[in-house]
Amino acid sequence: MSAAELGYDAVVIGAGTAGLTAACRLAEEGARVCVLAKGIGCTHLAAGTVDVLGYLPEAAAEPAPRQRPTGGPTAALVREPAAALPRLLAALPEHPYARTGRAALEEALAWLARTVLAGPLPGYRYLGGLERNRLLPTALGGLRPSALIPETFAAGDASALRRVAIVGSPALRDFHPRLCAENLRRTGVQARPLSVPLEFDRADASTLTLARRLDDRAFRARLCAELTPLLRDEEQVALPAALGLRDPHAVWSDLERRLGRAVFEIPTLPPSVPGMRLFEILSSALRRAGGRLALGAEVIGAQRRGARVHSVSVRAAGHERRYAAEVFVLASGGLASGAIELDSRWRASERVLGLALEGLPSAGERRFSPDYFGEHPFARVGVALGPQLWAREVENVLVAGAALPGALPWREGSGEGIALASGYRAAQLAIEAAGLARPARSPAGAVL
Amino acid sequence: MVGLECDLLVIGGGATGAGVAWDAALRGLEVVLVDRHDLASGTSGRFHGLLHSGARYAVKDPRAARECISENRVLRRVAADCIEDTGGLFVTTPWDDPAYADRLLEGCRQTGVDCEELAVGRALRQEPLLHPRIARALAVPDASIDVWKLVGALCRGAQQRGARVLPYHAVVAISRDGEEVRGARLRDARSGEELEVRARVTVNAAGAWAGQVAELAGIDSVRVLPGRGIMIAMAHRLVNTVVNRCKPPADGDIIVPIRTVSVIGTTDEHTEDPDDQRVPEQEVDALLDDGERLVPNLREARALRVWTGVRPLFEDAKAAATPTRDVTRAHALLEHSERDGVGGLITITGGKLTTFRLMAEETVDAACRALGEARPCTTATEPLPGSEEQHSYRLSERLGRKEGGLRERQVVCECELVSREQLEQQLARGGVASLDDLRRRLRLGMGPCQGGFCIYRATGILHEQGGITAAEADAALLEFLDERWKGSWPILYGDQLRQARLDEWIFQGVLDVAHLPA
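Sequence order for the protein chains is A and B.
The numbering of the first sequence is this note's numbering, which starts it at 1 and goes up by one.
The numbering of the second sequence is this note's numbering, which starts it at 1 and goes up by one.
Only chain A is shown next, with the shape it has when bound in the complex:
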């Protein structure tokens, strides 16, 4: 029995930031696009901010950073990503940003900000850009640099933060205001913890549980009534990143209005509420532009014709379905998603299309350093590339996001920036190469 085959201009594999960005851009340019994804991507894990470049690795930093007393790696904090990028690329010419180019990065950031504003969450905005990093409090009370951030995070920027009450509840196990506040004080912010009694229907409530409750106006009124008498003059309010899922702008503005002061969110353990908002925004933009998103559609094989990938196979509802396309964008993630795998005999493979990898430690070399914060040779592995974002061994596959070699996303604070820029750039390259641009269809005709 031959498998049913569907034809698209472009098939994007993976529904994280990179895949959704590529798919949206392709669909917006009029290409017929389908996203195939095993499941939801990185958005639900990450903080929901777009970190473009937070730290320069030792090799690129100047002057040389001091060794941290806490045992962390030596890296220099980046205050101005625009200024630091050339230094990063001079030190690491194979870095993904060298392949996307700076223009695509800048356009992608602006595109995301527009897409968020035009999205399904009324009034919700992202702020910032390449000019400067905001330093945002973490749930541990450290400061994390980020370039493009939800408006609901903005008041936390340490450059403007003076006095703040960190609000949590014993009912929330994923946020610890005392530790957060005490560490923040060590960075010079006058922070103090506040604990409010919250009741949920189960003891293991997450920030998602709280976000769903905060969507309810009456719940917000009760919370503010509890909080108001506890607050001091000119004190801002920080809450775990849970200020609403369906209408965060309204939830956040309502809290600011009721409390009469700035309120902001601090991201913590997954599931990430801001990340879920971003997923909703991007997947909705894709639908509006006429693209299709198939979750639960794991690619189990690929059919090649010569040096091209002709189609990929997906097992769905008990039968195999093939998706043929002119161009494929592989945005399936790296080691964390399982798209790049290392087996117990130390053989590494790309699981989706079976592409060659680069950046592998040579035989006999260590894969990981015995030092947690050390340089792990295996960490920079990715799909072997030809020019730009094209995969080396096939003609019509572009690579985006964590499947790219050469980056250390968490070390550099660059994961979402790379995902966004490479997804954006991959769409541009696909359109140029395959002549996919068509007159954009009206949203009304785009419902699939």
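Hint data in this document are derived by calculation from the structure and do not stem from the laboratory.
Note that the coordinates shown come from a computational prediction; the quantities given were computed from them, not determined experimentally.
Note that beta-carbon positions come from the ideal geometry of N, C-alpha and C, so glycine has one too.
Take the hints with a grain of salt, since some may be wrong.
[Said to hold, decoys possible] Listed next, the stretches of chain A that the computed footprint assigns to chain B, with coverage defined by at least 3 CB atoms under 8 Å from CB atoms of chain B: (1) 265 to 272; (2) 335 to 342.
[Said to hold, decoys possible] Far from chain A by the CB rule (all over 10 Å, computed), these chain B residues: (3) Ala189; (4) Ala374; (5) Leu502.
[Unchecked claim] Part of the chain B face toward chain A, derived, beta carbon under 7 Å: (6) Arg77; (7) Glu408; (8) Tyr493.
Based on these hints, arrange chain B on the given structure of chain A.
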């Protein structure tokens, strides 16, 4: 300098030392137990968890086999709560000589170890992941024993009878008064304060480190050769019965199901340094290959953690001069008054966890002789705290106990079902210096996610309840991540590598632990 006085100072907080403390406290002696680190953080906490039936020794070492089966029966009564009655199997894989099973049956018969041959089909129904071509299967009363729970119960029992238990107190000097040992000077590893303990008898129960402790007393003839072995904990229970290869004991021939994991053991390499915790990559490879002979495709399962333990193998430099009356081949009891002319000091080393109670009994007998007092041992009949009901641990009861309170009890560590309440109780009890101590006491962070989710929560609770500063809490968090990494990097492959990347995402991405306030 603060001073303490006691009848018995016990150096070494492993199973042997804690066993000595419990035994002596039951006999009414005043006891102080000290360890340079946490309790059960040396060899005791770094083994695979096997409670021997004796079958492993039945062919080669009948005396050890008899000791094991006898202690196995005793411990099932007095330490029931620490033991899971998994039973054990010796299986003949395609790489083993089928005739060895007959020798093992005969050895067990002669040493009194219960041993029964099972039909292969029945063994495979009991353990479906075993190699399908096993030729023979013998059932023995092996079991698994939770050593942290055991040492915890021994110490708690001793404390209830007046003993002082001092973890994180290193011996910096042994006090000698001419030819008599009079106790030791300790240093609190956390505060740096020193403490003088005067004791009528000092017991050196430092296991693989016993030679170093004896040297502090000026005795350089205690030679302990540490035998280094690695073990790998695989996620989940690949087997629910202890499974041994039916052949003479060697590397990589046993899988012990304990709590939520299965431990493959072990290798055996000599080392000079008991603190040698290296995990050579080729040993990992060899151990996984060996494991696959028992459970095919074991390499496809998740390996959670690898660690090194050191066996204290005693080599008596004075063998010819010392009567071996009290010294079995399995362990060594050295009464230094007779052996070296130094009174007030007894060394107990060698041996194996299964016989720790017997070792403790012989040691405290010797101490009573030295004190000139007749105090009979009661550890073979007195149940440990928590084991009064003689109800052995069952994995299946864990979820049932937690499920009832799910609405009320906040679970901090989902993998091991550790509640906030348990964490707070443990902190209130004191003696907890690190997140790793909590791990040993509660199994916090020992499951498949290796602390990815629970460690931020636990750090917050430790900071709130443990009376420490944020800087200390940060340091505890980083120390835990470092410790965890030591046990995971050599086995990072497959889904566990994915897990490690997800954990990095949380710690280095969302929480940015690499850049905490300085």
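Three residues minimum, CB to CB under 8 Å: does the stretch 335 to 342 of chain A make the cut for coverage by chain B? Let me know.
holds (count 6)
Holds or violated: Glu408 (chain B) as interface residue toward chain A, Cβ cutoff 7 Å?
holds (6 Å)
Verify the interface restraint on Tyr493 (chain B): the C-beta must sit less than 7 Å from at least one C-beta of chain A.
holds (5 Å)
Distal placement of Leu502 (chain B) relative to chain A, Cβ over 10 Å
Given a closest Cβ separation of 5 Å, the condition is violated.
Non-interface label on Ala189 (chain B), tested against every C-beta of chain A at 10 Å
holds (19 Å)
Does the interface hint hold: is Arg77 (chain B) within less than 7 Å of chain A, judged Cβ to Cβ?
Check failed: Cβ of Arg77 (chain B) comes no nearer than 37 Å to chain A, outside 7 Å.
Test coverage of the stretch 265 to 272 of chain A by chain B using CB-CB distances below 8 Å; three residues minimum.
holds (count 5)
Quick one: work out the minimum CB distance from Ala374 (chain B) to chain A and report holds if it exceeds 10 Å, violated otherwise.
Holds, since 53 Å exceeds 10 Å.
Hint check: violations occur at hints 5 and 6; the rest are consistent with the structure.
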